[in-house]
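Asker: Now for the letters of each chain:
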Amino acid sequence: MIKTTNLQKIFRTDEVETWALNEVNIEIKEGEFVAVMGPSGCGKTTLLNILGLLDNPTSGEYYLNGKEVSKLKENQRTNLRKGVIGFVFQSFNLIEELNVYENIELPLLYMKMPATERKKRVKEAMDRMAISHRVKHFPQQLSGGQQQRVAIARAVVANPDLILADEPTGNLDSKNGAEVMSLLTDLNREGTTIVMVTHSMHDAGYAGRTINLFDGKVVPEVVL
Amino acid sequence: MFKHYTKIAWRNLLKYKTQSIISVLGLAIGFTAFSFTMSWIRFERGYDKQIKDADRIYKVFKLNKRNEDGVQHMLPTPLKRLLEGFPEVEAVTAINQTKKDIFKAEELLISNADVILADTSFFKVFYPDIKINFPNDLSDRPIILSGRIAQILGSDYTKTEGIKLIDIISGLPSVRTNVPFDLMTVAPLFEDSECPWCYFSYTMYVRLHDNVDVKLIQTKLESIEVEGSMQGVMSFILVPLRETHYTYPTDKAKIRYAHLQIFIIVSILIILCALFNYLMLFVNNLKVRVRELKLRIVNGASGVSFLVQFITEISLLLLFSLFVSTILIEFLFSPFIILSEIDAPKSFFLYEMFLYGIFILLFSTLLLLLIIYLLNKNISKDLNHSFTKISLFLQLSVGILLCFCTSIFLYQYKTLNESDLGFNRYNINTFMSDVWLTKEEVKKIPGVEDVIFFEGQFLPRTVSSSAQYITKSNEKVTVEFIQFHEPEFVDFFEFEIIAGRNLHYGEKNGCLINETAVKKFELENPLGEVVLNFTVVGVIHDIHIDPPSLPVLPTIYILRDNMQTRSFEKNPLTGDYDLITSNVPSSKEESNSTRSKYFAYKYIDGFKETTEHVIKMHITEQGDSKLYIRNMEDMFSDYTHSERYLLILLSIMTVVAILIAVFGIYSMVTFECNQRRKEIAIRKVNGANIKEIFMLFFRQYLWITVAASSVAFPVGIYVMQRWLDQYTRRVSMEWWLFVGVFVLVFIIVMTSMIFRVVKSARENPAIVVKSE
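First to last, the protein sequences are chains R and U. All residue numbers for the first sequence refer to our numbering, where the first residue is 1 and numbers rise by one. All residue numbers for the second sequence refer to our numbering, where the first residue is 1001 and numbers rise by one.
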């Protein structure tokens, strides 16, 4: 599903040139659950952003479902992302002005899905994440665990092929963290490919394999 | 501490320099416009305040619908006698005011001196405390001098010139008075024994007894029947002395008083716009400022310090505005004096403007403090956001209102000046001189296309006659007569004959009438009908020759010989009485050989100056001859010169208001984009593209613009309808004007936000999500 060849990402300012990713070659098959690990600043989030089509690499190739996408323009990336990739962030990133229902509905709105279909999908996602009783609540009225459930519901509501999770348990206590990891594992079992950035060896344990990054380079992967 | 506050205030103004500059400029332009206009209004309202009991003195006007302001200044002398008989009247004076050059032994000592011809009652009306010993015999026209003039003329003036001096009066006002005089000639009232009520040569003022209701006098005047007075046709009004200068000015003002009042409201709106613009910036940053306050309190400051800091900031902004305003005032002072025609020293305006500056400074500070206090009491993000929207709404409302009013104004102005008036006024000059010329001689001038005799039938109207026609249904209709020498006037002015034919040479009993006459006279088949002894041979379209506030009257066009005319006619340009000696030609050949001193000629495009130059040369060759050349198009556009000036000023203010609103929107969008940066990124992550992000803002600003329009348009309709009502030919407020203004403002709004929103929408969401 995902294949990168000599992927490079360089951040340049007037004075400094930072190599965030250096010759990264990875391949992730459909239905895999992959954890990306490494110390802070090693390029994990940068890799995740490129895989999620939020950013373009400086050089190299990136194949998503067999299509070369590394040089797409922003609009093309946005269109390709819709309904295909879901995101889960450490800080949940819910929109404060929208309630639970509206937050989950967001990706479907941009897919121009009819209202009745949207309503059905949102209800399913909420039921699945056990947050139906909070439908009218706003993010600030929810606990961290509930907010992350809403974020996962939003990520899965469009039935994406790929979920990219950036330290999804980073802001949660162990109980809520375990619940989130359980939800991600369930999704993976149902066939969704998951790429998760984490610092936690425990969380990485839920993944099928781990990609280790160090100074922007992939170091030998460990198959558990 | 003051230094610290000033420093922080200065830094804050610099931090948001674009918005600060816009606020300063907006306020400065508002201040300048407000100061000039208020000074002007106060100047106008300050006339004759030095005169004791001025509220008991009234100027008497004759109502005259043919005049633009609806009144006539000159009155018949018997009216004075009539008024003197009313017990409510303390004194009446009839005066004749002119400007003359005063010579002493053929040396010009004073030019344009104010000279009054008055009877002995002048002082009883205006200065009852001044007692003058008038001689019994006034036949040799003795004079009274003002102290200032007496000093210039010297004590031997009267001896040198053989003039009888009654007195010298010092201390009387010479400016801002309706009755300034340097020299007064005292003479008995001229009374025409043959037609006393026909002789209009004096302006009249009355002093009423204390506590007299002026309406009582007017009612009495209307009810009295005097033989030969044309009572009913002749109605009078009494206007308080102190109001006469701006309600019915003797000389036509460049900008009418009513237009000044409109402009003062516009100035205040601009000031409010600029204040709200600044306040919006302030409120948007209120949360940050509250944190700053808390930090200050932690470091030992009191709660008052925030207020002091704010006052310092506001004061600094307002002082900058006043400084810029002072530069603008200095820069615009000369054009203002030319425009206002105010004869007052610069110090008068500087003093007035200083007072307004202080007033605006205090008013603005208090207004802003009040708003900040209210917001501070209920500080919340929602409230700040609402205030920002309300502020933008107000700015946009003013912008749309001014834009709409200016559009209607422009549309009406264009219509008045460019619409079909029923006659051709382009490339036509009229002239009068002391020299008798034939049409052939005028025609020979290079660039002259066509010539007719023209004695001021209209534009300029120097001759006027009217009569009453009684219709079949017994209604009295006032009829206007326009008399020409020859039938060529129809072709010359391109009148359109819609029925019948033109008059022939020598057709003494025939006439043309206009469409209004056909309607008012209730004539179904006007051709062949006899109207006031003239047989209608043709009907022409209405021609609009009067000021746009006057309706077209039923008019009869005849050849001059057909009327029993007076032997003398007053020439308003020279003040002389010209003997009408021209013969009405009975054929074209005779017409060509007839001599006249009055002509209208049509010139070839681009030959205006050439023809005028040649005529001037020709007339000058004849010796010390007078020549008055007028252009018909200029004279017509002169009717709307006040509108022209107001249109220019309004356009400037509209641009300023729109500019303030644009920067208000830009700063609000900038602020909002910063506030919603993360939301935009999350939406993008979830599939929103740039267009969809833009639509988020688009909807919001569309609604603000719609809301502002829904307030501005009804207000605009109300204001402009009232304004348009003064014109007899007026435009209707077409749907496309509303759509046009809305679309224009909306495009401006969109343009001012699109750049900022797109910039935010283009930000890499990965970076934003990570950084927030």
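Please keep in mind that the hints were generated in silico from the structure rather than gathered at the bench. Check before you lean on any hint, since a few could be wrong.
[What the hints assert, rightly or not] Interface residues of chain U toward chain R, partial, derived using beta-carbon atoms under 7 Å: (1) Pro1335; (2) Glu1679; (3) Ile1682; (4) Val1685; (5) Asn1686; (6) Gly1687; (7) Asn1689; (8) Pro1765; (9) Ala1766; (10) Val1769.
We put the CB at the ideal spot given by N, CA and C, even for glycine.
Asker: A separate judgement is required for each hint: does it hold in the structure or not?
Answerer: We went through each hint and held it up to the structure:
The beta carbon of Pro1335 (chain U) comes no nearer than 51 Å to any beta carbon in chain R, farther than 7 Å, and the hint placing it at the interface is violated. With a cut of 7 Å, the hint placing Glu1679 (chain U) at the interface with chain R holds, because the nearest CB-to-CB distance is about 5 Å. Residue-level restraint check for Ile1682 (chain U) holds (minimum Cβ-Cβ distance to chain R is 5 Å; threshold 7 Å). Nearest Cβ of chain R to the Cβ of Val1685 (chain U): about 5 Å, under the 7 Å cut. The hint holds.
Taken as an interface hint, Asn1686 (chain U) checks out: its beta carbon lies about 4 Å from the nearest beta carbon of chain R, inside 7 Å. For the restraint placing Gly1687 (chain U) at the interface with chain R, the shortest Cβ-Cβ distance is roughly 4 Å, inside the 7 Å limit, so the hint holds. With a cut of 7 Å, the hint placing Asn1689 (chain U) at the interface with chain R holds, because the nearest CB-to-CB distance is about 5 Å. For Pro1765 (chain U), the suggested interface contact is upheld, since its CB lies about 6 Å from the closest CB of chain R, less than 7 Å.
For Ala1766 (chain U), the interface hint holds, the least distance from its beta-carbon to any beta-carbon of chain R being 4 Å, beneath 7 Å. Checking Val1769 (chain U) against chain R: minimum C-beta separation of about 6 Å stays under 7 Å; hint holds.
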